[in-house]
Amino acid sequence: MSSRVLFARLAAKVSEGEACAFCIARQFRRSIHQQVLRNGPMQPRPQSTRPTQSPTLGHIQTRGAASRQAPKPADYESFRKEVNRAARKKWFTQQARDKLINLKPQYALEFLEEFTSTDEGDSGERVKAIAEKEKIQLIDLTNIAHSTWHIPDVKSKKTGELVSSRHKVVARDLFLALSSAGEVNATLHLNRAVFLRNRHLVAREVAGLLSPGDVQKARLKLQEAATKKNAEAISLTGEIWAAEGKKKAARELYESAMKVVKLKPDPKAVRRPGLPQAPPWICLGYSLLDDQTPESTERAKEIFRIGAVEADDPLACFHYALLTERGSGEWLRFMTKAAGSGHLEAMYELAKFYHDVDIKKAASSNDKTLVNALSWLKDWKLSNSKYLADEWFLAAAMAGHKPSMFHLAQEHEAKEEYEEARTWYAMVVEPPSKHKKEHWPDLPAKAQSCLKAMES
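Numbering follows the UniProt record's numbering, in which position 192 of the sequence shown is assigned residue number 192; successive positions increment by one, without gaps.
Because the hints were derived from the structure by calculation, they are not lab data.
Treat the hints loosely; a few may be bogus.
[Stated by the list, open to error] With a straight-line Cα cutoff of 20 Å, these simulated DMTMM-like cross-link-like pairs (lysine to aspartate or glutamate) come out:
hint	residue 1	residue 2
1	Lys-415	Glu-430
2	Lys-90	Glu-120
3	Lys-262	Glu-252
4	Lys-386	Glu-417
5	Lys-135	Glu-113
6	Lys-168	Glu-110
7	Lys-352	Glu-411
8	Lys-168	Glu-77
9	Lys-259	Glu-205
10	Lys-217	Glu-252
11	Lys-217	Asp-153
12	Lys-81	Glu-113
13	Lys-415	Asp-390
14	Lys-135	Glu-125
15	Lys-81	Asp-153
16	Lys-135	Asp-153
17	Lys-90	Glu-113
18	Lys-217	Glu-125
19	Lys-168	Glu-205
20	Lys-262	Glu-310
21	Lys-99	Glu-110
22	Lys-81	Asp-119
23	Lys-301	Asp-266
24	Lys-128	Glu-244
25	Lys-246	Asp-312
[Stated by the list, open to error] Quick list of simulated restraints, FRET-style, between CB atoms:
hint	residue 1	residue 2	range
26	Lys-264	Asp-122	34 to 40 Å
27	Lys-99	Lys-434	30 to 36 Å
28	His-435	Ala-399	25 to 31 Å
29	Asp-291	Thr-369	27 to 33 Å
30	Asn-198	Ser-117	20 to 26 Å
31	Asp-358	Arg-97	46 to 52 Å
32	His-435	Asp-122	48 to 54 Å
33	Lys-262	Ala-453	37 to 43 Å
From the three backbone atoms N, C-alpha and C, an ideal C-beta is built for every residue, glycine too.
When you get a sec, could you build the whole thing from the sequences and use the hints?
So this is what it looks like as structure tokens:
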């Protein structure tokens with residue numbers, strides 16, 4: 001596997017009724033500019049107000065608050081259970097309303113209470129017995145585990161302080177039980193967490209709660225799922241092998257996964273939360289590109305096109321477009337699909353295209369697909385592709401794409417709009433938030449130099 005980070009910019013599909021990133025940016029163009037110019041880039045909180053971890057209650061509190069703590073209730077464990085139960089009920093109600101879980105909130109709450117009431121016996125058999133008795137599908141319980149993991153700690157009405165919880169530990173136990181019971185989505189989640197622990201914050205948290213024995217059992221369950229021709233299990237096993245240096249064997253697994261993968265997702269299915277995983281066509285495409293031969297590149301192009309056309313995958317659309325002739329109708333079609341789904345690099349590439357394109361010259365091209373794709377620009381009331389380019393640059397910039405921020409800064413500076421230019425340069429200089437990597441390490445220094453030059 002190449003050094004590409006598969007998961008850093010996986011773009012989500014845009015479902016019916018959702019606005020694309022371009023439309024959102026266009027809708028708020030003026031208000032965004034005004035807000036950025038008025039407030040400037042966000043500044044970190046002063047050191048004195050940063051939260052610290054309480055060594056006693058395990059909750060977050062501000063410095064200096066320890067001396068002002070409200071006294072603990074006499075029976076703190078019962079008090080904590082009462083608060084956590086109320087938090088779970090409220091959370092499950094919200095998740096059910098958003099159609100993120102299939103169970104009714106009360107059923108989800110009752111299931112968790114029964115599951116956590118004892119730790120005797122095999123947890124996998126126990127969860128299967130409860131599911132059979134209540135006529136619940138195991139995959140729906142995996143969604144409950146995901147939901148439980150994300151339940152926020154809440155303030156007690158009695159003390160006004162955050163109450164420590166065991167939500168993540170309960171979720172961990174449920175994932176392990178479901179994996180032991182043969183629920184493949186729970187198995188995939190545990191193995192993804194271990195695989196991504198150095199690249200993803202949630203993965204690191206999940207993996208940190210797993211013992212070596214837990215990891216070994218989850219890996220065996222992954223191998224079992226792969227032998228049963230589960231495409232995700234096969235593909236993830238391939239990624240693990242590639243990371244271990246077994247690149248040839250990994251590619252064979254990607255090829256196997258492509259033969260059994262379901263390309264068309266069920267649009268009516270409940271959204272399955274979890275950690276990111278690149279689909280087989282992305283893994284196989286990257287593997288082929290690593291060979292750097294004309295034959296492997298052409299094969300990678302074919303694989304990406306399958307993902308783009310048949311699976312409607314934005315990342316596949318982007319990589320397929322990169323392997324076609326830049327500025328062609330095919331390139332424009334798939335780069336636009338990727339950009340409309342929120343892929344930052346695609347938004348940037350599309351912005352550069354509209355910034356540089358000669359509409360009159362393109363209109364006389366022999367590429368009829370390109371001519372048809374650009375014909376509407378001639379009738380557009382603004383009649384200027386540069387305006388459309390600015391819209392895409394803005395959309396990408398507001399989504400955190402620093403090359404787009406830098407471009408906007410330079411455009412404003414060229415127009416002698418120095419206030420706006422300073423704002424965008426400052427946003428490029430701003431370091432990424434904690435646990436996030438700087439994807440454009442050279443740009444902050446360039447932006448800093450531009451700021452200094454403007455002040456001189």
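Do the hints match the structure? See the list:
1. Lys-415 / Glu-430: Answer violated: Lys-415 to Glu-430 is near 23 Å, above 20 Å.
2. Lys-90 / Glu-120: Cα-Cα ~29 Å, so violated.
3. Lys-262 / Glu-252: 18 Å, holds
4. Lys-386 / Glu-417: The given pair, whose Cα atoms are some 18 Å apart, holds under the 20 Å limit.
5. Lys-135 / Glu-113: 16 Å, holds
6. Lys-168 / Glu-110: 18 Å, holds
7. Lys-352 / Glu-411: The given pair, whose Cα atoms are some 13 Å apart, holds under the 20 Å limit.
8. Lys-168 / Glu-77: 17 Å, holds
9. Lys-259 / Glu-205: Status violated; Cα separation ~34 Å.
10. Lys-217 / Glu-252: 24 Å, violated
11. Lys-217 / Asp-153: Outside the cut-off at roughly 30 Å; violated.
12. Lys-81 / Glu-113: Given pair Lys-81, Glu-113 holds - Cα atoms ~10 Å apart, limit 20 Å.
13. Lys-415 / Asp-390: 14 Å, holds
14. Lys-135 / Glu-125: 15 Å, holds
15. Lys-81 / Asp-153: 12 Å, holds
16. Lys-135 / Asp-153: Distance of about 30 Å is beyond 20 Å: violated.
17. Lys-90 / Glu-113: 15 Å, holds
18. Lys-217 / Glu-125: 15 Å, holds
19. Lys-168 / Glu-205: 9 Å, holds
20. Lys-262 / Glu-310: Given pair Lys-262, Glu-310 holds - Cα atoms ~10 Å apart, limit 20 Å.
21. Lys-99 / Glu-110: Judged against 20 Å, a Cα distance of about 19 Å means the pair holds.
22. Lys-81 / Asp-119: 17 Å, holds
23. Lys-301 / Asp-266: The given pair, whose Cα atoms are some 26 Å apart, is violated under the 20 Å limit.
24. Lys-128 / Glu-244: Not satisfied, since the Cα-Cα distance of roughly 34 Å exceeds 20 Å.
25. Lys-246 / Asp-312: This hinted pair is violated, its Cα atoms lying about 30 Å apart.
26. Lys-264 / Asp-122: 34 to 40 Å: Given a distance of about 37 Å, which is inside 34 to 40 Å, the answer is holds.
27. Lys-99 / Lys-434: 30 to 36 Å: 32 Å, holds
28. His-435 / Ala-399: 25 to 31 Å: 18 Å, violated
29. Asp-291 / Thr-369: 27 to 33 Å: Cβ of Asp-291 to Cβ of Thr-369: about 30 Å, so the range 27 to 33 Å holds.
30. Asn-198 / Ser-117: 20 to 26 Å: Given about 36 Å between the Cβ atoms, the range is violated.
31. Asp-358 / Arg-97: 46 to 52 Å: Holds, since Asp-358 and Arg-97 (Cβ atoms, about 51 Å apart) stay within the stated range.
32. His-435 / Asp-122: 48 to 54 Å: The hint (48 to 54 Å, Cβ to Cβ) is violated, given that His-435 and Asp-122 are roughly 36 Å apart.
33. Lys-262 / Ala-453: 37 to 43 Å: 54 Å, violated
Hint check: violations occur at hints 1, 2, 9, 10, 11, 16, 23, 24, 25, 28, 30, 32, 33; the rest are consistent with the structure.
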